[in-house]
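Working from the sequences, and respecting the hints, build out all of it.
The chain contents come next:
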Amino acid sequence: MLRSILKPFQVVSARVRSMNYVTRRILGMFPTLFFISIIVFVIIDLPPGDIVTSRLDRMEAQGVEASPEYVRNLRARYDLDKPLYLQYLFWIGKFVTGDLGYSFFYSKPVNELVWERLGYTLLITVAALFFTWIVALPFGIYSAVKQYSIGDYFITVVALVGLATPNFLLALLVMYFSSEYFGVSIGGLFSVEYRDEVWSLDKVMDMLFRLWIPASVVGMGGTAVTMRLLRANLLDELNKPYVVTARAKGVKPLKLILKYPLRIAINPFISTVGLLLPTLISGEAIVSVVLNLPTTGRMLLDALLAQDMYLAGSFLMLLAILTVVGMLISDLILAWSDPRIRYE
Amino acid sequence: MSHLTTKFIIFLLGVLWTFSTNAEEEKEQWPIEWYEPFKTASEIGLTEFQQSPYLVDQDLPPIEERLPVDPIVVYPLKETGKYGGTAHIVNNDLWQFFNWEAALTISADMSSFFPNLAEWYELSEDGRSLTIKLREGIRWSDGEPLKSDDFIFTFMHLWHNKEYQSETYRLIRGVRAIKIDELTFRYDFPRPRPLFVNFVAQYGDFMIDPSHYMKQFHPDFTTKEELEARVKEYDMFNWTQLVNDIRREGSEQSVHVPTLRAYKLVEASPSRRKYVRNPYYYKVDPEGRQLPYIDAFSSEVVQEHEIMAAMASAGQLDFAAFQMRTQDIPLLKLGERNDIIKVHIWKRLHSSDVAIQPNYNHEDERLQELYFDLRFRRALSHAINRDEINDIVYFGEGTPRQVTVHPTSRFFKPHYATPFLEYDPEKSRALLDEIGLVDVDGDGYREHKDGSPLTITLEFYDFETPKGITMELVLEYWREVGISLNLKNVNGDLQRERAIAGKMEMTLWHADRVTDILFPLFPDWWVARSISWDRGMWNDWSRWYMKRGQKTPSVGFQPNPIWHLKGERIKGLGTEPPPAMRQLQDWTDQMWETMDEAERLRIGQQILEGGVENLWVIGTVGLAPHPVVVSKRLKGVPLEGIWGWDNRWTLANHPHTWYIDEGQ
Amino acid sequence: MSDVAQATIAPESPAQQALLTPSQLAWKRFKRHRLALISGLFLVILYLITGFAEFFAPYEKTTRNIKAIYAPPMSIDFFDTEGNFQFRPFTYGYTLTIDEVTWARKYIEDPKQKFDFYFFSRGESYEFWNLFKADFHFFVVKDEDGRLGYFHLLGTDQLGRDVLSRVLYGGRVSLSIGLIGIGLTLFLGVLLGGFAGYIGGFVDRVVQRIIEVIQSLPTLPLWMSLTAALPAHWSSIRVYFGVTLILSFFGWTALARQVRGRFLALRDEDFIVAARLIGGGNTRVIFKHMMPNFMSHTITTATLAVPGMILGETALSFLGIGLRPPIVSWGVLMKEAQNYQVIVMTPWILFPGLFVVLAVMAYNLLGDGLRDAADPHNIGGLK
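Protein chains in written order, with the working numbering: chain A, 5 to 348; chain B, 22 to 685; chain C, 4 to 386.
Read the hints as simulated data drawn from the structure, not as lab findings.
Any given hint could turn out to be false.
Claimed, not checked - In silico EDC-like pairs for lysine to aspartate or glutamate, Cα to Cα no more than 20 Å straight-line: (1) Lys136/C <-> Asp462/B; (2) Lys253/A <-> Glu241/A; (3) Lys109/C <-> Glu357/B.
Said to hold, decoys possible - Stretch-level coverage of chain C by chain A, calculated; a stretch enters the list once three of its residues show a Cβ under 8 Å from a Cβ in chain A: (4) 211–219; (5) 352–359.
Idealized CB from N, CA, C, for every residue including glycine.
This is the structure we're talking about:
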């Protein structure tokens, strides 16, 4: 009786609490981003020597004359005539309003350069994430169910090797074998015949077909980790009394696994997304260099080599934001799927 | 002797003759027309012209109206080609796959210059003016006619604009471009400049802009408000940067820029560009068909040389050459074995693929003193095992050489290429000991005379020729004689910045500008005469030469759309060079001004002798094989050729006569 | 791997266990992880061989064999071309031909050049650890007249340098970066984690936040940015330490988090409270009573962080912004193998990659074993 009266309140309060969790989590993101922005700003300022001078040298080498007025303009444009903390404030202010600065290397606003590349980075990262799940789930389950079988050992060894192989080496090898044996053209996200075409269904299909190369390479390490994690969790779960009972009652093995233990074991899947993201984005950065993909990695490297620090800084900041937001989303999904977390 | 026997003998002789000619046919013959001034349609009796089917449905005036009054006829390598197809290349090969158009052009044997956009040109007897008459009816890709204004604009309004170019390049200083009529103009020089012809032929594509289009970005022709609005619209700092960006092919706004070349840009993104045929291109083939043959091509931006080589080997590119290296040949040949590509082996004209340049004006005075000691340079040179480099890097197919002119040059004498060339580490050690560089602390490396550690940092941009691998070997050779070298790979941008600023202790580039086209004009490896991104050896001496006779120091830059003449930074008045160098600078002036070819030859050889004596730069291996990868379906590319900046790589091979034949 | 262990743990009587100290117990547990044990052993051997690379490597890292540019691995033979058996192993030298059409270098075993193996013998001279000159090698090959021949177990690279020797010298750099880096990581992690955990409050919150920030940054782009900023004129050795510092600078977070957790847990334990009540100073309490309680865990976590550093170094050097020649590291060697041509025509240049994989795998397995050994309750999997 009392229970039924209290029930609506309980639901409401649960909602409030979960709302609180979401707000808390979102608000908590900002201090993190603030710290990150400071780190990035320090990195932008790292290269030795006066920034203006080196920028000017480069501008001048490109043929733009450096009149004193121009120098003043440049300093003003980058707020370099102001103290450091103000410089930071202006920089972050502009960043927030979408002005990412100016690339001296490409003589273009950074804004024009990054978004498409960031998009492809996101695409590959998400694809890698899916690859991780698609591979880790069945093999993880198999490994747990058929513990100590030859298959289990094989999967374990492959996972270990995958975890230990440098991304770029894997990328090189995959590139070679896919070109040599499957005729996949080298470099880029598209086959040669689609590179000039406008977007079409065929082109999208072509890209998706080719996407597995970077995705599998980037996702390899994560797959190994996730697979082992799933296996361990599932094993823990399988030894619990309720499973034993169900098994004793004659529930079919596959159905049994899919119905209960897997659900519980799969939670870490979602929670690892947050942990995987930085790794995946890191991996993407180097793999894209090897595979010549139009993503952030190559451009970040070029920007760094040319000491084009605004471009590099913007990339770094955007990658960090991507990671932080990704982690946030994974946390929220986790909270949604597992109510216990909300009441932490 | 019976009739039959005679017949049989003739038959035998015939067979023998066939065999012998077969053997000789290996050597490909270039058409005789490549060595002569262009013929025009009327000269060979052409009256009817055709166009590519690609253009048929486009809303264009008839072909006769688009072509000039009397179009140039270009002869293909062998047979005339067919229209159509889309070629794939990487961005680095843009300049090689379709060359840019200038008033004059260079003959296939690199010995003379012909009118191209020009109908004729004439150098006055005193060498003080060069008159150029343009062919009638040549049009820009937007249909506007080509006029002498287009030359005047670049020369007078860009190169002579104080804002655009605060410090004029020495060759240009005091030179005026004067319009005579719509199609005739002349360059007037304050002093005799017979070599200006070489300059117009080799560099002339940068001396012309579509003035009718460019005027809207120039303060001389546009109001201040309008200009500011445009600068803002393109998100640039000022109009000079905007104009530079537009002139630098490949920015997004370049899509709207009219061109004279065989192809026009239609799409540009950071990752790729697309070009289609220019409907107004002014050259035709001997059958009266408008060139080029290939309708369109796309070029991909690829940074990694390794990826490019892999793509070329896999047959993904129709033409790949610029970034191909000698070491790639086995990989590329693998693609040849799969019958998807053909690897043509050309020879680079570079006198040496690696020209090591000590910075004689480096701020560290101990280094200055050391570098300036000829014994030190000799020691460094003798320490290098060039035969080994040739074997390891070039499959033994290069030539160990110092930096000097190309063997085809009139100026060349064999002994120019050989001073201090032999590998002799003992002599090298002896020389270093003699200078007083000894290993004080016993770490295997020699120290400065005052006992402080001596390590030379060599910064270089590993591009085009096999620089990195060669330097890795040189590092070892020098280590063996006790010289510690620190190699630092920089990218092109940084190389430019550091070289122009004269901050590098040592750097290197490959030695081009060694043919008769460019050597008399730019004897850069022997004389301190200008500052550029590929040289970091004597900026202060060069500055002194450039500023000679001027009292006020100024700060500024010479803008230039391309590398080799880029960025003359003139800060202060420089330092007076030692007498030997001053002598060389004087000779350079004389070489530029003399109207007597024999005199020029004599002076040029004096300068080269100076190089032999002084060994300003240290060479390694030159005249090396260069792979030019051609897809199976691309026809018309010569099997052999001379590869380099001097002759603009493929300029004389007329890339617009290459065609795609899907055939077999 | 723990599952393997779990399955093989033999029941022991409590009395037997009581006789063992905790470390003996841990060792016992560790020993049961056969793979971890093997990995540990492998790593010890690897560190020994690379540490004494001068002795084990047949050549110096820069010695060029001009007769063998891009030569494939050579074989160790016991039977000569006539089928005669010889107890002393030997190898055949190469003759080189360059194919006129394909420009490919072809090496054919030349029966006229027969090199016998001599172990613990004199060969190329070297400077051991920059300390003294020696010419004693693990093995050398000599021809019949006693002159030194050449033998390249893993082939040679584009300059004719012995890949095996370079792998060994490179391993010294790459593996030591892992070790030195982990030292720094340990220091930072224990210091910051300890502070956070022991002092708590504001300090704790700040450290927590920093950890959170660093963990949410994609490490490789960050490493790239920092190493690219290392000045051009730095000597190799400074670059080496610079890179190590950068690598460890972002690796300490997991460790700090763990240490903090332990500190928090221990802070209120009875024995710590007691120690403090009887007047133990902070230092004494921390070092005497708290540290021993979690050091084993910390070291385990540290071990698991080493692979990340090794992979980090290879990645950075591979991109050309980490270490660079004349330093030889596995990353530098991998950069040389970046060539597509290498995979197609001279795959033995990829051997350094194999060593990276093996070393990283060994560290992972070892770390797993250590973790399980350090924690009697931990029977989880490879997390």
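Structure-based check of each hint:
With a C-alpha separation of about 15 Å, the suggested pair lysine 136/C and aspartate 462/B falls inside the 20 Å cut-off, and the hint holds. Taking the CA atoms of lysine 253/A and glutamate 241/A, the gap is about 17 Å. The hint holds against a cut of 20 Å. With a CA separation close to 18 Å, the supplied pair lysine 109/C and glutamate 357/B stays within the 20 Å bound. For the segment 211–219 of chain C, the proposed coverage by chain A is satisfied: 6 residues have a C-beta within less than 8 Å of a C-beta in that chain, meeting the threshold of three.
With a threshold of 8 Å between beta carbons, the proposed coverage of the segment 352–359 of chain C by chain A holds, since 3 of its residues qualify and at least three are required.
Violated hints are absent here; each numbered hint is respected by the structure.
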